[in-house]
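S.K.: One line per chain: the protein sequences are H and G, in this order. Heads up, the first sequence is in the numbering used here, so the first residue is 68 and it goes up one at a time. Heads up, the second sequence is in the numbering used here, so the first residue is 2 and it goes up one at a time.
Don't take every hint at face value.
Heads up, simulated DSBU-like pairs for lysine-lysine below, C-alpha to C-alpha not over 30 angstroms straight-line [unchecked claim]:
1) G:K56 / H:K170
2) G:K42 / H:K116
3) G:K67 / H:K170
4) H:K170 / G:K21
Which residues of chain H face chain G? A few of them, derived with a C-beta cut under 10 angstroms, are [unchecked claim]:
5) V71
6) Q109
7) G110
8) K116
9) F118
10) T122
11) Q125
12) S139
13) A159
14) V181
Pairwise CB distance ranges, derived in the manner of DEER restraints [as the list claims (entries may be wrong)]:
15) G:L69 / H:S151: 35 to 41 angstroms
16) H:D121 / G:F40: 34 to 40 angstroms
17) H:S81 / G:Y103: 32 to 38 angstroms
18) G:G54 / H:S151: 37 to 43 angstroms
19) G:S6 / H:P107: 17 to 23 angstroms
I should point out that these hints are in silico values taken from the structure, not numbers from a laboratory. Note that the coordinates shown come from a computational prediction; the quantities given were computed from them, not determined experimentally. Just so it is clear, CB atoms sit at the ideal spot from N, CA and C, and this is done for glycine as well.
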Amino acid sequence: AQSVTQPDIHITVSEGASLELRCNYSYGATPYLFWYVQSPGQGLQLLLKYFSGDTLVQGIKGFEAEFKRSQSSFNLRKPSVHWSDAAEYFCAVGALRTGGGNKLTFGTGTQLKVEL
Amino acid sequence: GAVVSQHPSWVICKSGTSVKIECRSLDFQATTMFWYRQFPKQSLMLMATSNEGSKATYEQGVEKDKFLINHASLTLSTLTVTSAHPEDSSFYICSAKRQRDYEQYFGPGTRLTVT
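So here's chain H without its partners, still in its complex pose (with noise of 0.2 angstroms):
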């Protein structure tokens, strides 16, 4: 069975600094992988995915990931971040099942606090 580890349950950063937020997952095939943002209330909101090729991917709103098979990791990263980008970043590890659809598992979340 997939899982997703996030390590960081709460990030506090300057704005104008630049981000880190760490995923490490852990599944048997090559994953597909996910990175979500959902502020207090709402859905989630897709940043950026990875399926297959580059392994820097570039999302929305200035975040990319890097997906790095030897150490398991997705890590989500912003050279500058604002204070709008506080909120609550989920990463996620997809797996096709028999039958078809997908499944989706997620971390537990990190809450990132922007300090003016």
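Using the hints provided, position chain G relative to the given structure of chain H.
M.R.: Only chain G this time, still in chain H's reference frame:
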């Protein structure tokens, strides 16, 4: 494109009553829809997967008789919480995917409070 809506966005019901939550794909046909539950400050837990015209597949530990899922059309899935109790209070999020797509598109969520 790929917009998913949920209705209602929040609902309060009394213990013992049933409540229905709708999930709609507004601009695409969703062959598969998913229902997640999220407790405060916690991650999303998949409850069930529904394919249009088929019975839902429930994750281990989810009571299928309590959480009734219907996916009657390619644009609508419903989750009915039967005989709700305060411990059913939670944030319920649905997602939908196209037949050949891998990506899931998420709705904005429904906050259920059972008093």
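S.K.: So which hints don't hold here, by number, going up?
M.R.: Result: hints 10, 11, 12 and 14 break, sorted rising.
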